[in-house]
Amino acid sequence: MTVTYEEALQKYEPVFGLETHVELGTTTKMFCGCPTTFGAEPNSHVCPVCLGLPGSLPVTNRVAIEYTIKIGLALNCSIASWCRFARKNYFYPDMPKNFQISQYDEPLCVDGYLDVLVGGKTVRVGIERVHLEEDTGKSLHIGGATGRIQGADYSLVDYNRAGIPLVEIVTRPVPGTGYLAPEVARAYVTELRDLLRSLGVSDVRMEEGSLRADVNTSLSPRGSDVLGTRTETKNVNSLRSVERAVRSEVSRQAEVLGSGGRVIQETRHFHEDTGVTTSGRSKEEAQDYRYFPEPDLVPVAPPRDWVASIAASLPELPSARRARLMSAWSLSELEFEALRNAGALGVVEATVAAGASPADARKWWLGELARRANDMGIEVSALPITPADVARISELVAAGSLNDRLARQVIEGVLDEEGTPDEVVAARGLAVVSDDSALLSAIDEAIAANPDVVARIRDGKVQAAGVLVGAVMKATRGKADAARVRELIMDRLS
Amino acid sequence: MDELITMTAAELSAAMAAGEVSAADVTEAHLDRIAAVDDQVKAFLHVAANDARARAREVDARRKAGEPLAPLAGVPVAVKDLFTTVGMPTTCGSKILEGWRPPYESTITQRLRNAGAILIGKTNMDEFAMGSSTENSGYGPSHNPWDLAKVPGGSSGGSAAAVAAHMAPLALGTDTGGSIRQPAAVCGIVGTKPTYGGSSRYGVVAFASSLDTPGPLGRTVLDTALLHEVMSGHDPMDSTSIDAPVPPVVEAARHGDVAGLRIGVVSEFAGDGYQPGVMARFTEAVELLESLGAKVTEISCPHFKYALPAYYLIAPSEASSNLARFDGMRYGLRTGSGSAEEVMAATRETGFGAEVKRRIMLGTYALSSGYYDAYYGKAQQVRTLIIQDFDAAFGQVDVLVSPATPTTAFPIGERADDPMAMYLADLCTIPTDLAGNAAISVPCGLADEDGLPAGLQVMAPPLADDRLYRVAAAVEAAFNERWGHPLLAEARGLSAR
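As they're listed, the protein sequences go chains A and B. Numbering follows this note's numbering, with no gaps: position 328 of the first sequence is 328. Numbering follows this note's numbering, with no gaps: position 150 of the second sequence is 1150.
If you're looking for bench data, these hints aren't it; they were derived computationally from the structure. Quick caveat: nothing in here was measured; it's all calculated off a predicted structure. The C-beta atom is built at its ideal place from N, Cα and C for all residues, glycine as well.
Per the computed footprint, the stretches of chain A lying under chain B, defined by three or more beta-carbons under 8 angstroms from a beta-carbon of chain B, are:
no. : segment
1   : 54-65
2   : 94-103
Just a sample of chain A residues kept apart from chain B, beta carbon distances all over 12 angstroms, derived:
no. : residue
3   : His21
4   : Gly25
5   : Pro35
6   : Gly176
7   : Thr278
8   : Ser279
9   : Asp491
Construct the complete structure from the given sequences, taking the supplied hints into account.
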């Protein structure tokens, strides 16, 4: 019998936690000078160090340390004054040295938090630690059904990714979010993604694997604060999957518990296609990683004045920006989310800064421009139109020189690279006909051609004027200011 | 030709600078010597004859063109087979790396090449530097040139034997627990373990990262200092490399003087297990130093007795991790079939020798969850206590002295099946490795029992490597005067001129 999410929630309180891995956007790898660019020819961005050749030695990338401190500070963590790297030992073909240089009991950043807003409520997600490590190579398993190493005919390994700096951000268990647990988990990863982007430390492209989340889920019986056995769901590589993985694990664990079973502490794999998790390696037979301090590297001891200067250079963080913009633009949480999800926060803010009203800026970027971006399959911010252009178009509309229909044509012209809005207006002859005398003859023609409409207006059915306005607009091929036409018609008939 | 192989590096350098002899001649003389005796000594795993000749001709051409050349230009140097060298194999004495040709050059061999030194070949060693006799080499043992039935020490035994048998005036080694000083002592030559971080580990295949220290071996104190100077100095490719000037070792080697120097005799290095003939030579050396004006006192370093057990937890722990990369996936030996895991296991089973496996298992155990604190953690605490012993001692004296090894060279096969007996060969040298300071072994005579060489160990604080050469040069000069010739002139067997 399948237990639905809703049924599970009646008996159990879900608790989740996340371990998020983020590839840093440094130009070179964590311990060598190889480039970090994505998508290169396999095994072309490698050297003796990241291939772990005998005799090679790692040298720490200072920028990676700086980026990690930035992340730690933005997550309200304490920054260690002295810490070390550690070796995590295990055998796997995509690990060049068969150990990973990571951090163990001495992480660079500890004890922080990130506030996320869900359903109007702020949830504080505790951050246990932020540490730095090197990524592994990437295995491609050929043959076999699962795409995993078991059952494959052979495997190919690409070491381009080996040694790319990876930050692991570990939350504390998040209890008490009840029904909203999956949404809070998703909101946390979303907020984290935006935070990382705003810091400029990673481009955070989940589809390229530069942000990967492992989701820990457990259930406590309602009314108990004893944590249940947790599972760790790996391979969760989109925001939507984070939400689905929690939801699916909650249902599955409730079903196991409901049928008298016991949840096994294990690694589970999330399947994007079906939205369910399947059992992976059992933690109870997990390997012993035999961590010990990395003897090839000296300890990291960031000077306090360096940390202070990094703190001073932090940009406005997404939560502060959200509070500021929601207040300044009088937005609801939903309206704000719409802007953020459309990736339009930056361009709208720039458009407002260039003189447009927040309402106009949102209208254009979420409307016409979002549609165009969607057609072109790109982000709105990547459209070949600047916030200043959009502000100018808004200005022309507000001044009555353009109406919305003409404005859309101006946008089309700018996107087609015909020039600035003013140049497009001039070249296409798109100015609104604002000369009343030019309009009056068209109005008189419309009045003459529609006596029945005129009669209805005179009877007090003012909305019937729309027919006349439409006729005038048609006659002027849309170049008239509809509001002015309406005024003139009413004057004429009064 | 025969004369060229008995000349010191300093003498060869001067003769070449004066145009009396060419680098090509010097190289050829040493290649001839290798051809003549190495089938008995077995010091080399690879002789880079053609490359050496080509490099020698280059040096001669540069000299002819009037280019300024470094002191070691044209001087042959034998290289322990764990330095990565382009154009030569690097096996670390292990079957698991048989035939591996590294695609990159170690910092130190690159510095030697830049200085015009002739890398004449790669020398035998205990597999991955684990051992004190070269008997753990995957390619068979080297033999002590003084007595071919005896071990040349280890793990840099091939390097020491090559120098002692006049196949090269100089050699590179590495010292993790005594692997330079112990073979130097039992082969009757000079060997230095520099301050940890004073010589780059980049391109030195790791045994135990926090201990491994590349260093020089030579027949004279000055030669050893010349190589020490060229190979040393900060390397940005090695994070643990010290960014400080190289101590003035050559200057010190030219001015041996111990007048007024405070010398401490470590009282813990005596008693059971120490060969009387070795102790007699050591006592004589201390008396000699005193006669030269040194102030000698006895110093107790109470924690040194825990150095050996601590070392045999720390070194194998690091080794178990460092050697994990040898899995048949990317380079070196690959055996077995089936899954990746099966191939890795089969390759390691076939490729590693017994001592390497023993240490991997020891280290894996010591790092295991639940045992870490009791073993690796405790050993690191002992290490701190040993450093404190040194600090306290160097607060009272300028250098410490001891025998370099408890015994002279032992017969091949004698300790091969008794790891504990083998480990004791490094009893006097290990504390320096754990503390990271500097030490040298300089010949101090022949033990009465077997007529084999004994070494005097001098230990100095970190970055005071020059003190080693100052003391060693004084000892060398005084003994040469007393004996009427260098110690090697008394050698039987293949060390003889």
